[in-house]
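Got chain A sorted already, so can you dock chain B onto it with the hints?
In order, the protein sequence lines correspond to chains A and B. In terms of full-length UniProt numbering, the first sequence has 432 at position 432, counting the first letter as 1, and numbering is strictly consecutive. In terms of full-length UniProt numbering, the second sequence has 57 at position 57, counting the first letter as 1, and numbering is strictly consecutive.
If you are wondering where the hints come from, they were derived from the structure by calculation, not from laboratory data. Among these hints, one or two may not hold up.
Claimed, not checked - Facing chain B, a subset of chain A residues (Cβ under 8 Å, in silico): (1) S547; (2) K550; (3) W587.
As the list claims (entries may be wrong) - Derived lysine-lysine pairs resembling BS3-like cross-links, with alpha carbons at most 27 Å apart: (4) A:K743 <-> B:K123; (5) A:K188 <-> A:K144; (6) B:K10 <-> A:K830; (7) B:K123 <-> B:K171; (8) A:K845 <-> A:K879.
Built from N, CA and C at the ideal position, the CB exists for glycine as well.
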Amino acid sequence: MEEVPLKAKDLILSSFSSRVAVISSTTADSLIRQHNLNFTQLIQPFARLSTEASWQDPNGLLIWPKDISLTFVDIGSWKKPEVDAQRNRRILTNIVGQNPPTLSAIPSAESSNGDSKTVELNNKDLDYQVQVPVRTTWYEVWRKTFLKLQSEVVGNQHEFLNHFVACLLVISSSEVKSSEDVANVVGKMSKIQQQHQYDHPNSWMLPSVLKYYLIIHDKSVNEQESEQVYQNFRTMYGGNFCHMLKLVVDEASDTEILVPNPWKILLLDQEDSLIFSKREEIDGKVPVDEIENIVQSDLLHPLSPDSENPPSVISQNGDISNSLKIPCNMELGTSLTIQDVRRIQLVINEFISKALLPYMERQCRNLNESIVNRRGMSKSFFSATKRLFGTSAKSAPSVVYATESVEILSRKLGDIYFLYGHYGGAYQLYHQLKKDFYGDAAWLYYSSALELAAISHFMMSQSEPPLAVARAFPVHYVNDAIGHYIDQCRMVDAATRCAVICTECLKHLENNAEAAAIFIRMTSEDCDLRSALMLEQAANSFVEMDSPRKYALHCVLAGYRYAKAGLKSHSLNCYRQGYQIYNGKGWRYAEDHVNFTIARLQNILQTPEGITKHLMATLVAPSPQSSQQIQIFYKEFLSTMANIKSVHEFFVPQIKFVDMQIRIAVAGLPTGEFHCSNYDDIGASSTSWDSLESNVVRECIKPVIKFKPTRLFFSRLLDNTVHPTVPCDEQFFIELPFYNPLKIPLGLRNITLKFDYSDMVEVTLVPNLELEPEESKSLRFSVISHHVGMIILETVNYELEFSGNIVPFQQTVVLRGPRLNNTKAERFGKLYAKDLRNKIVIINKLPLLQANVEGLPNALFHTQIANFDIVLSDNTKSKTPDMTVSQVIITMDNMERAVQVLPEQTSETSSAFSKTNGKNFTRLKCEKNESPTKIPCVFKAPQAGDTAELDILLVYEILHNNDVSKKAHRVIRMSIQIPLSPAVHLEYSSLKMLDCITYLGLMRLYNLTVDYSVIISKIFFSPSDIEVTELCSSSHPEVKIEEAGIMKMNKNESRNIVLKFRDQKNLLKDNQRLTINVAWHIAKSATENLAVGNSEINVSEAISSIQSSFVFQVKHVNKVYADFGESTNCTCEVELLIHSKTSGNFSIQLEYNPPKNDITLTGPSTRASGQVSLGGVTTALLELQALQTKTIKYLFIVAWPGVYNAAPKITVMDEERGVQESYSLHSPIIFAQALSSVPSSS
Amino acid sequence: MAVCVCVIGKDNGPIYMRSRSRADELSQTVEHNLSQMAFRGVTANTELQYNFIVSSALDIIEERALVGSSASGYKGNPSLHPSASGGAVGSIDGQQLATRELYLGALTAREEYKVYGYMTNTKIKFVIVIEETSIPLRENDIRTMFRKLHSAFCDLMSNPFYLPGSSINSKRFDAVVTSIMSGQ
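Same shape as in the complex, but just chain A:
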């Protein structure tokens, strides 16, 4: 169906053509049948006026209609078409399906096949370069078919465009020999016509029908006779209503064959409906499936991420109909010559210009007259009243007008004007009618009038010469018409016709915004196909409007509807259009939806090209999608990839090559998943290793040409500009972290490394790795190379497993060093350092020693001395007989202080080594080769700290037996960490103040050692000014003072200690570094200690938290002598000691409290009288220095000597600071009789 896209005008002309009924006699029919055509088919391709013709409207205006076209319908075989929406829908779906878009090229690729054009959208801001299809053939075909189906709907009361206007009687010249025959035949045919008009009164436009007589020349009758017959007709019916068609049916004629065959198009057009009827006959079930397919897809919003396309039964659009295609190679009218065609054309021209147009002219006059007559009456009367009252009374939507009513007659007249090119008149009539119909609330009539008014308006503006058009194209008419068609009349198809035609007009007028609005208006839930087509057209209008986002959105919406209608390739096409805009713009939800849908559709259509790209794009992290959604993406991805038989580069899981670590010359590390703790610690100390090695090599392995420190470890933080160097056949390890960036768990299988010499390199295979969402795990691979030279780690290969699909992937190793920033060039450019970790140099075989430590305790106490052995063993995989280890050097930082290599045990007669000590190193000459070999050593733990670190470097020299000058050395780094602890642990449980300078502490000591008893030699404070006054232990009442210390604690013993200490100088408070120390030692023998240490605990916080109420200490002197002899009441002088922590001026007030108890039983109780006197006053002022004790004296009157509980209330006030403290001193005082010999104490 290669056609040029129709212009708006042509579309209108071809959509609205008057219908002519055809009745042919059987003889005439059989004559035509010789050409494999029936009569309507024969003349249909030429049913268009090709000459100039004119007619006059009732006002005498001459109309020159252009391109009048007719539709011929054989009413002999015609039956009223059933209005079957489902069938029409199927036909339309099929028609669209047969015209799939070309999907050969991915839209982004440069394609020059003319199907699409590159459009620069939004070029003010950015350049969206979009490939837009030039034509949407499927839409054009759909439109054509749709309009054809619409025009077949007859019997409309609201419009008369598709009604029969005339009747063509086709008679063979052979059957009408005489005039009786004429009357007979014509009478029969007229009867058929009248019967038809009687049966279907609504399908004829006018009651009086124009009859036109066409005589076909029959070869069996000679020409004269035919001519005679023709003349008979002419006389009987008038020359203008008859015509004779002579067709030369002569096979031998040498006239040229018609190229192109004008009936071909006809054939193709009919094919579709033919196929369809055939299909229905053959298989009634197929359409049902299709309907189900349409219905089944639930209505999800296309923007919702969960929306899935309905699984389609029909894989390829229109496949089924292709297989059903009937052979259409019938030679249609090939025996007809150009002359014949000209004659047929002449028939049409004659018919239109001589018969039809004059007939219409007459009819118009008649109609106009009757309208004027009737209107004259009604206008003044009915309409006026209607105008007054009618509008408010909205009648039922189904207003029916009488056939002879003014409105219907006007409408008929308007339709005739419209069909025969008098658009100005038509517009006026329609314009008038719409008002009338609106007044009557006859919505169907109203909408139709509006639609035609709009189209007439357009045609007026397009005619040549253009008629004066008052206003712009009345878009509101169109909108109004569509609205009423849909809302009031529920005639979606009529609305669609209106939309389809008017949008074309609007596009022609370059009013794309309105066109798009109308297209979008026509989308609805009930028909996916129409909605899809409309959305797609809307999108194309948006392209013209230069708004890319709307274009993309509507493309996607159209694609969704296409998918629901079962048209996958159309859907894919639309989604791809949308993808051009959405890709890479950051709108992830939209992008993911588009990518995913494209992939799904490609899967269904089996076009895997580029599918990987779309699916991978949905998995790029970070994604805002939920984990369920990502799981769907991932599942689709893997199941798709499982069908593609090649190893793909993939970015999930993320392998952080920059964190790659290589370990050389270590044996026995487990491969596979491992817990990596501290990546960075190891790197930091490497410089000290290097300097140790450098020292030793310089001193012991003499010929140093160019020292390069041995590298056994490579990581991100180290210098990676040197190649890792590994001897041949020796195992080394590569560690790589794997990170799962997705929100779903990943299952990896068969992970391995691939080197360029893959057959020469052995790599372990890690069978399994499970990664939780956003989890990182490290894998260790063991590598052994049998190839000498450089091997390059190229890719990491792995398989991903999900729900039964196992798909292999690979990731290429990409390494780049840190960015350089030293020189100007480096600062200005973007230069990166080399990273050679993946390029490993394999050198010749070397012996490999391994060192272990034996006999070192798991934990040590401070200063503990431990014996241990370094065990050297030969770990060479493949023996190297021509090389020997000549010497081993043990070295470490501060070696004298920590480690000592012991002299040989005397018991062992033969030694493997001869020993030489140097500064910080011990050199052992190998004299004998045996493996393993023990080197006894002693380690002394440091005095403090939590761990002891033993970083021992062993350097061994390798000599080639046959070439002494060839020396090599290798190193072993031993890094041992031993936890250190003191032997005694101490805690305090309570600390409190006894008085202002004395404190009491409850301590607990633990002996942490399992094997030893610990001697505590001293408990002291630091700072040492604080003296410990008393000490007692809970378990033994007396601390046994031993010569070496104060107590001994057996193994695992713990002990409580009460500690009394005095803070004479007020040092305790606010001292952050106040500690209680316990000095201990573990005796090994009488003279030698195994370990000596000092445990301490910081008590400053505890001390400062003691709430001290003692600013003052007030105390009685506890014995008073007085002379009780003379009187019963003796005034005694009592001394009160006042001690203050702070200096200042205090006023001291005493109040009398009656003594509570007379403690002694010797005298009568409560003899003391109530008098307390401080020399007449009760308040004393006192100036005190800090920590000074002063005495004040007061008088107390007692009757008898004895023990009294004198308890005056004492209030000490410091007015400056506002401190006030009150005491009731319940301190017993002994009042004794002063003997004459014993003077009273002063």
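Chain B alone, transformed into the frame defined by chain A:
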């Protein structure tokens, strides 16, 4: 109350987007995990909704900006203006350009949301979606929000480590957006 704040770069791709649902999710504690699981679908949907609202608002911004630019005349280099006869005309043009109203006003109103837009001279667009509540926000409040957002954006651009056009990942900017969204 602002429920969604979005910054859109020159190429019309979002460089910052925060919506209420996400903020709520962040502030929720672990205890609500179960109910959160149930609402996760809803959350994703609303976020999608905001995405859609903001994306469609872009078209309106474009229209508004077009109107603004056509009002202020030729938009490019004044000296290249075909009708620019002298420096004086150019300078007037430039002045007009500089005083173009950055605030674009209400873009669309839906049943539940109102969408407001703002475009800087460098074509960075801010979109704020505001929930329709009983208490209507005054125009001035919205202008203040945008001004705050703009100054926060200027601060961000002053950061030498921020690559213009890349997605925004800044605590300070986050804080400003949070304050806008909480209505302070």
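Now for the hints, and whether the structure bears them out:
Interface hint status for S547 of chain A: upheld, as the beta-carbon distance to the closest one in chain B is roughly 6 Å, under 8 Å. Residue-level restraint check for K550 of chain A holds (minimum Cβ-Cβ distance to chain B is 6 Å; threshold 8 Å). Checking W587 of chain A against chain B: minimum C-beta separation of about 6 Å stays under 8 Å; hint holds. Annotation: proposed proximity of K743 of chain A to K123 of chain B is violated, straight-line Cα distance about 35 Å (limit 27 Å).
Taking the CA atoms of K188 of chain A and K144 of chain A, the gap is near 36 Å; set against the 27 Å cutoff, the hint is violated. Distance check on the hinted pair: K10 of chain B and K830 of chain A sit about 26 Å apart at the alpha-carbon level, within 27 Å; holds. For the given pair, K123 of chain B sits about 23 Å from K171 of chain B by alpha-carbon distance, which is consistent with the 27 Å threshold. Between K845 of chain A and K879 of chain A the CA atoms are separated by roughly 9 Å; this keeps the pair inside 27 Å, and the hint holds.
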